[in-house]
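J.: Take a look at the letters that make up each chain.
There are 2 protein chains.
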Amino acid sequence: MAPQATAVRLADLQRPVGPQLARVPDELRRIVSADSPLLEKVSGYLLRSQGKLFRPTLLFLSNQASGAVDEHGLRLAAIVELIHLATLVHDDSVDHSALRRGQPTVNALFSHQVSVIMGDYLFSRAIRELVAMDDVEPLRILSHVTNEMSMGEMRQLAAYDAVQFTEEEYTVVIRAKTASLFSAACELGARRADATRRRALRAYGDALGLAFQITDDLLDYTGGEAVTGKPSGLDLREHKATLPLIAALPGLSASERRAVEALFAEKEPADEDVARVIGLVRRSGGLEYSRERALECAGRAEAALEELPSSQARDALRDAVVYAVERRR
Amino acid sequence: MAPQATAVRLADLQRPVGPQLARVPDELRRIVSADSPLLEKVSGYLLRSQGKLFRPTLLFLSNQASGAVDEHGLRLAAIVELIHLATLVHDDSVDHSALRRGQPTVNALFSHQVSVIMGDYLFSRAIRELVAMDDVEPLRILSHVTNEMSMGEMRQLAAYDAVQFTEEEYTVVIRAKTASLFSAACELGARRADATRRRALRAYGDALGLAFQITDDLLDYTGGEAVTGKPSGLDLREHKATLPLIAALPGLSASERRAVEALFAEKEPADEDVARVIGLVRRSGGLEYSRERALECAGRAEAALEELPSSQARDALRDAVVYAVERRR
Chain A
22 MAPQATAVRL ADLQRPVGPQ LARVPDELRR IVSADSPLLE KVSGYLLRSQ
72 GKLFRPTLLF LSNQASGAVD EHGLRLAAIV ELIHLATLVH DDSVDHSALR
122 RGQPTVNALF SHQVSVIMGD YLFSRAIREL VAMDDVEPLR ILSHVTNEMS
172 MGEMRQLAAY DAVQFTEEEY TVVIRAKTAS LFSAACELGA RRADATRRRA
222 LRAYGDALGL AFQITDDLLD YTGGEAVTGK PSGLDLREHK ATLPLIAALP
272 GLSASERRAV EALFAEKEPA DEDVARVIGL VRRSGGLEYS RERALECAGR
322 AEAALEELPS SQARDALRDA VVYAVERRR
Chain B
22 MAPQATAVRL ADLQRPVGPQ LARVPDELRR IVSADSPLLE KVSGYLLRSQ
72 GKLFRPTLLF LSNQASGAVD EHGLRLAAIV ELIHLATLVH DDSVDHSALR
122 RGQPTVNALF SHQVSVIMGD YLFSRAIREL VAMDDVEPLR ILSHVTNEMS
172 MGEMRQLAAY DAVQFTEEEY TVVIRAKTAS LFSAACELGA RRADATRRRA
222 LRAYGDALGL AFQITDDLLD YTGGEAVTGK PSGLDLREHK ATLPLIAALP
272 GLSASERRAV EALFAEKEPA DEDVARVIGL VRRSGGLEYS RERALECAGR
322 AEAALEELPS SQARDALRDA VVYAVERRR
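Protein chains in written order, with this note's numbering: chain A, 22 to 350; chain B, 22 to 350.
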């Protein structure tokens with residue numbers, strides 16, 4: 022893929038499905054509403070500090086691009102976003118993160134306890150809503166995905182050792198953690214279409230998700246706090262070996278490698294040690310390599326779209342690929 | 022219900038379904054097996070330190086007592102146990118418990134991170150296995166229950182204030198937290214039977230679950246460490262207002278009530294303060310009242326069984342009621 026000269030804004034690619042997206046917040050509120058003040062308070066907070074609705078966007082665009090009508094599109098889009106929200110709440114609890122995109126996390130604002138239970142609540146609401154749809158196919162897809170996501174998280178935990186983690190393992194993790202839900206959103210959008218289009222959109226979502234996550238991991242090395250909404254080098258601080266480091270390691274000298282190992286052995290690494298390892302990764306080509314991998318996945322996502330007829334929605338899905346790899350946050 | 026003079030042992034009431042129960046561990050292993058060393062390690066640990074399989078016991082006995090054949094009984098029993106395990110793992114993480122029945126918890130032995138993700142993993146495996154059954158009814162029942170359970174946990178968190186918590190709210194919490202899964206296990210066991218038996222066993226499970234949980238909460242006031250497997254007074258230490266305290270409060274003098282409030286305001290209450298409040302609860306009749314409530318629920322559970330024909334399994338379900346309220350741990 023040749024990166025576009027002009028930046029794609031999220032709002033641009035969301036335009037073809039703007040009316041549907043506008044209804045997602047109310048649909049989410051309907052699904053999570055509960056007769057419990059604390060639940061209302063926490064879910065109200067979560068829904069107010071709402072994200073970009075990127076997964077619902079993909080679902081609606083896939084639906085439009087596949088040419089099939091789906092009377093449950095809104096419901097499915099909200100369920101997909103809800104599963105995403107549930108995993109964010111547990112991820113922040115697992116990582117003890119205090120901020121997400123500049124906003125306090127549930128564990129920071131309420132408590133660790135509330136965040137564990139809230140994640141369970143949101144997830145079980147999503148499942149309950151899926152069951153109420155009386156169609157086992159979305160349930161099959163999403164129950165598989167949620168299981169994949171928890172396996173990805175566990176693999177990531179198990180891999181808190183820079184030197185051992187391979188690119189192959191990294192890919193397994195980000196596919197499970199991120200690409201699986203992207204892929205499911207796209208496939209669900211096309212669930213009423215023929216098998217070819219459905220397969221194409223599933224493959225598109227998978228490749229897009231990989232490109233998106235690699236870019237995310239890159240931004241952790243290249244972005245500053247104001248840009249990414251989280252401190253640069255956070256993955257290193259948390260001893261998460263992502264692609265930039267994995268790719269850089271083979272090119273490091275023995276003493277440079279020891280510096281990396283020392284950082285991973287340090288419970289709370291000093292800023293200068295983090296900065297030094299970021300410098301090593303940059304000089305050893307870890308950023309370029311990761312960027313190439315992201316673009317390669319982006320290219321595969323674009324190629325998958327060729328199975329679909331030309332449409333405004335297909336153009337927007339193409340723009341989503343550019344957005345995934347060119348965004349600065 | 023007139024409590025029996027002789028104690029009922031769990032092994033006695035499990036006898037009619039012994040062969041089925043013996044197959045649950047392997048079925049659990051089949052469902053949770055994963056291509057990940059850490060997942061295998063944690064789930065292996067959980068399955069080895071296996072509990073009493075009380076919920077599978079109820080499911081199998083209900084199945085036998087309802088007179089209906091269920092080709093998926095084993096699978097459902099393992100799924101119900103798996104959901105129970107998933108909630109235990111998250112409960113221990115939420116409570117920061119180090120021990121459960123004398124064994125280290127997952128959060129203590131591995132980490133808080135591992136326990137959050139492990140709970141998600143077990144729960145999503147249970148859902149995936151339910152979806153694979155291709156029958157939406159068990160899914161409907163259990164997705165409702167898991168949602169209830171998380172709501173119960175959240176209500177309990179919200180109610181960390183002794184003075185405000187009413188018996189009615191307490192009953193809502195324990196019904197959601199405990200009785201809902203008991204009731205689902207019994208109903209699922211009878212899912213191939215006619216509506217009357219099914220309804221009877223659902224009601225039986227609900228009443229049994231309430232009796233079981235009230236007894237559990239009583240044991241926290243009356244049991245010693247060696248007996249309950251957890252330190253006596255733990256609920257008080259964690260500022261959980263359960264029935265013994267709720268029932269005792271109205272009878273306390275103003276100064277006694279202030280002692281309770283002081284304990285609930287203390288982050289780590291001293292042993293003597295816990296002992297003092299336990300003494301107040303005892304003298305104010307909180308234990309007798311709770312015991313009466315447990316026996317009243319036990320009576321309702323027994324009465325529900327009258328809808329079923331006489332059988333060895335029905336006798337065992339009756340024994341389960343005695344076990345629930347007479348056990349010492």
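Certain hints may be false.
No copy labels: a pair is met if it fits in one copy or bridges any two.
SDA-like mimics (lysine to any residue), calculated; alpha carbons at most 25 Å apart, straight line [to be verified]:
no., residue 1, residue 2
1, K62, V193
2, K73, L240
3, K62, E188
4, K288, R50
5, K62, R121
6, K62, T187
7, K288, R51
8, K62, H117
9, K62, F285
10, K73, E92
11, K62, D116
12, K62, A180
13, K288, L59
14, K62, A286
15, K288, A129
No wet-lab data here; the hints were simulated from the structure.
J.: Determine for every hint whether it applies to the structure shown.
T.: Hints, verified against the model:
Only between protomers do K62 and V193 lie at most 25 Å apart by alpha-carbon distance; the minimum there is 19 Å, versus 36 Å within a single protomer. Taking the closest pair of Cα atoms, K73 and L240 come within 25 Å of each other only inside a single copy of the chain (17 Å); across copies the shortest separation is 49 Å, beyond that limit. In this assembly of identical chains, K62 and E188 lie within 25 Å of each other by CA distance solely across copies; the values are 24 Å between and 41 Å within a copy. Neither within a single protomer nor between protomers do K288 and R50 lie at most 25 Å apart by alpha-carbon distance, with minima of 40 Å and 35 Å respectively.
For the homomeric pair K62 and R121, the shortest alpha-carbon distance inside one copy (18 Å) is at most 25 Å, but the shortest distance between copies (31 Å) is not. Only between protomers do K62 and T187 lie at most 25 Å apart by alpha-carbon distance; the minimum there is 21 Å, versus 42 Å within a single protomer. For the homomeric pair K288 and R51, neither the shortest alpha-carbon distance inside one copy (43 Å) nor that between copies (37 Å) is at most 25 Å. Taking the shortest alpha-carbon separations for K62 and H117, both the intra-copy value of 21 Å and the inter-copy value of 24 Å come in at or below 25 Å.
Taking identical chains as interchangeable, the C-alpha atoms of K62 and F285 lie at most 25 Å apart only when they sit on different chains, with a minimum of 23 Å there against 38 Å within one chain. In this homomeric assembly, K73 and E92 come within 25 Å of each other (Cα to Cα) only inside a single copy, at 23 Å, whereas the closest approach across copies is 46 Å. With identical chains, the CA atoms of K62 and D116 are at most 25 Å apart both within one copy (23 Å) and between copies (21 Å). For the homomeric pair K62 and A180, the shortest alpha-carbon distance between copies (14 Å) is at most 25 Å, but the shortest distance inside one copy (35 Å) is not.
Within a single copy, K288 and L59 get their C-alpha atoms only as close as 34 Å, which misses the 25 Å cut-off; across copies the closest is 21 Å, which meets it. Only between protomers do K62 and A286 lie at most 25 Å apart by alpha-carbon distance; the minimum there is 23 Å, versus 39 Å within a single protomer. Within a single copy, K288 and A129 get their C-alpha atoms as close as 20 Å, and across copies as close as 19 Å, so both meet the 25 Å cut-off.
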